[in-house]
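Protein chains: 2
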Amino acid sequence: MPNLTGNALFAQSGGPTSVINSSAYGVIAACLSAAEIDRVYAAKNGVRGILTDNLIEIGEELQARLPLLKNTPSAAFGSCRHKLKNPEEDDSEYKIIEDIFRKYNIRYFFLNGGNDSMDTCAKISRYFEKSGYACRVIGVPKTIDNDLVLTDHCPGFASAARFIATVTAECALDNSVYDTGSVAIIETMGRHAGWLAGSAALAAFAVPGVSDFKNSPSAPDLIYLPERVFDLEKFLSSVSDIYKRKSKCLVVVSEGLMLADGTFVSEAQVSGTDGFAHAQLGGLAARLASIVKARLGVKTRGIELSLLQRCASHLASAIDISEAEGAGRFAVAAAIAGHTGKMAGILREPPRHLCEDGACYTDNSYQSAFSLFDVAEVANAEKKVPPEMISEDGSYVTQAFIDYCLPLIAGDPERVYKDGVPEFFTL
Amino acid sequence: MPNLTGNALFAQSGGPTSVINSSAYGVIAACLSAAEIDRVYAAKNGVRGILTDNLIEIGEELQARLPLLKNTPSAAFGSCRHKLKNPEEDDSEYKIIEDIFRKYNIRYFFLNGGNDSMDTCAKISRYFEKSGYACRVIGVPKTIDNDLVLTDHCPGFASAARFIATVTAECALDNSVYDTGSVAIIETMGRHAGWLAGSAALAAFAVPGVSDFKNSPSAPDLIYLPERVFDLEKFLSSVSDIYKRKSKCLVVVSEGLMLADGTFVSEAQVSGTDGFAHAQLGGLAARLASIVKARLGVKTRGIELSLLQRCASHLASAIDISEAEGAGRFAVAAAIAGHTGKMAGILREPPRHLCEDGACYTDNSYQSAFSLFDVAEVANAEKKVPPEMISEDGSYVTQAFIDYCLPLIAGDPERVYKDGVPEFFTL
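For the protein sequence lines, the chains are A and B, in the order given. For the first sequence, this note's numbering begins at 1 and goes up steadily by one. For the second sequence, this note's numbering begins at 428 and goes up steadily by one.
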């Protein structure tokens, strides 16, 4: 592979997460110390910043503050939802991108985002291959939805899962405080995949000595994922049964629940569309709470976790922060080694069979490694929660889900607090 | 004061907080080590547990787990909203209470709650005075609303304030991530007092070097407290002005905002009443978001912090935990010293003028002490945010509010985590 020297560009895309800035830190720090890379730029508001010649050079002043990125949620350099056309059909935006890249001598491009961003990486690298402009394009995964294929999981997911698990446990205790009965319904994000809703099951482990995770006093009673058709009558009957037994019930639902006819349960609330033509969802918890109240005559409360689940960096997982930074560093190393059109994903190491002093045992502790995947294979595909991780009746997750998810939320990261509030990076 | 020996009873009342269990720890630990007190009981679900003879003895098994109470939100022994009648009008419930107290030889009674609980303390101590049953009754304050008079602030408030400040800062960053414009509206609790909504202003300090707290990138743009009449047209005009300038706007509103005619802004959502005949509020953020969207034609998002603000013990303030426990211990000491019909409140120490080696300076660091207040004076009164803490145009808080509130949220407490989720006490 020929040695390629020049400048590097980093961009953030799609919805922010608690750790997307940790990947920014990883990419930028690795670029700054790479012999092949001279200057490092960040695009303001993702691809839109490239198209409008709005690049920020990571100069000395910004470099001094970079470590704060690991404590900072949201996308520090701004994001966008801009879908590039197929270069084979309309290459006008690609020509602008190549012009800007030539202007700044960008030879390394790192795009941090979800499925749509991997699609953007695939298209740009395809275009450059045809145009002959030498530039290595590597995607860095990020999405709280955890719906990227091939990678074991996505940076961003574990921190959202840890937030959801923690506040679900706190709400479970709060919801059982009165003896007058209460049904609470917590709504998580997750348009088509139930990873976030499922992570509420980890709330079980907030009380010591849990043997049956589903019956822990800090666990939700019911969890509904969008992988299964939502049956309102079955739901009401399950809530009613639990309420009769415990005089309380805590339900977790994914915003993307659908009825058998393919309409979103929250459909009446659909009021707009984002740039990728996905219906804007929300208001499901309030809606189900009012249905339960009307039908079962009990006190209810709908709780939408809203933006908090994707930006609550105060509850970020230490593993997530570390892997997000690591994926960024790995992406830079891969590009320098000559790769392009790839995504820096995560592989989970299988259990290790070890023998020491004649005694053999299995080490199940969580360990991961980075690996490259083809961006075209990741682009626009969706990883749903597999059937073996969903309970047969569709109202909970299984032990297999717990085994997958619990190791990812471990670890309380070192946090930077001043006056009781966290200390954040801003441009 | 005659020496009074016997057993002690602790009860929790009203809405839970992140630190009400820290007060439980303080009361119970102090009672267990007091020579005058033999057995210690907790009432299950507050006063209702007394009326139904449902007391839990704090035996050895529970004692071993008591320290976890300081890490645990919600009311571990259960709460209720039970309003006692005036003993002069109907003393039937007081007779039951005295019977139960005699049965268990309760000579020390500690009730942990808000205004209504102080009313309960006042009534019970008044009744015992008349009936001649020797029992000392001390209230321990608790309310996230911070609306108790006489005490400088209430245990529970600072932790809710810290949660609100932190997530407001996180949402401010998240809300500025796209260049397409967005108005986000965060709704806090606070029926008649704006302490919680105002605490969102502390979000300003999440970025280093803030000189003008209102213009910090992590601060909300507008904050509306229920102490001022809400003017929808002025609100829309303020949002519009800010949006034109910044293409984004973050607003914080208290659930209890009222129009000039005295109706709650969220009134259409009022759907029930709690035991104290306060209207159940909620849904204000969603409502204002839809009005802004319709009137200004911009993308909006309503975020109701809901239960999270009162149970997010993972963001409890270290000062709050310590003061909540201290108030509990002080209540026990006061009762043993002979006091009854009092509340264990908090006094903030004034700045101290100190001279050392000839150099004199003012020590402004936060320090507090406990003091006793008459429960009858606290009962049913409400402390609102005073005019000097609200900006003239009613759309923000002032430096005086910041000076009052910021010291209270300092300090990240030692937390107990296992597998990434907190470890909680349960009965």
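Simulated from the structure, these hints should not be mistaken for laboratory data. Take these hints with a grain of salt, some might be off.
Unchecked claim - Sample of chain A residues lacking proximity to chain B, with all beta carbon distances greater than 12 Å (derived):
#1 Arg-81
#2 Glu-170
#3 Ser-313
#4 Leu-315
#5 Glu-388
#6 Asp-412
#7 Glu-423
Claimed, not checked - Here are the simulated DMTMM-like pairs of lysine to aspartate or glutamate, each with C-alpha atoms no more than 25 Å apart in a straight line:
#8 B/Lys-671 x A/Glu-267
#9 B/Lys-720 x A/Glu-267
#10 A/Lys-85 x B/Asp-606
As the structure is a computational prediction, the values presented were derived from the model and not from experiment. Glycine included, each C-beta is placed from N, C-alpha and C at the ideal position.
Is it the case that A/Glu-388 keeps its Cβ farther than 12 Å from each residue Cβ in chain B? About 22 Å separates A/Glu-388 from the closest Cβ of chain B, which puts it past 12 Å; holds.
Given the proposed pairing of A/Lys-85 with B/Asp-606, does the C-alpha separation stay at or below 25 Å? holds (20 Å)
Closest CB of chain B to the CB of A/Ser-313 still more than 12 Å away: The claim is violated: A/Ser-313 sits with its nearest Cβ about 6 Å from chain B, within 12 Å.
Beyond 12 Å from every Cβ of chain B: is that where the Cβ of A/Asp-412 lies? The assertion about A/Asp-412 is violated, with a minimum of 5 Å to chain B.
Compute the least Cβ-Cβ separation between A/Arg-81 and chain B, then decide whether it is above 12 Å. violated (7 Å)
Please verify whether B/Lys-720 and A/Glu-267 have alpha carbons no more than 25 Å apart. Distance of about 18 Å is within 25 Å: holds.
Any Cβ of chain B at or closer than 12 Å to A/Leu-315, or is the non-interface label fine? Contrary to the label, A/Leu-315 does not stay out of reach of chain B, its closest Cβ about 6 Å off (not over 12 Å).
Measure nothing beyond the straight line between the CA atoms of B/Lys-671 and A/Glu-267; if it is 25 Å or shorter, mark the hint as holding. violated (31 Å)
Would the least Cβ to Cβ distance between A/Glu-170 and chain B come out above 12 Å? At roughly 4 Å from the nearest Cβ of chain B, A/Glu-170 sits no farther out than 12 Å, so the non-interface label is violated.
Any Cβ of chain B at or closer than 12 Å to A/Glu-423, or is the non-interface label fine? Violated, since 6 Å does not exceed 12 Å.
Consistency with the previously given hints fails for numbers 1, 2, 3, 4, 6, 7, 8, ordered from lowest to highest.
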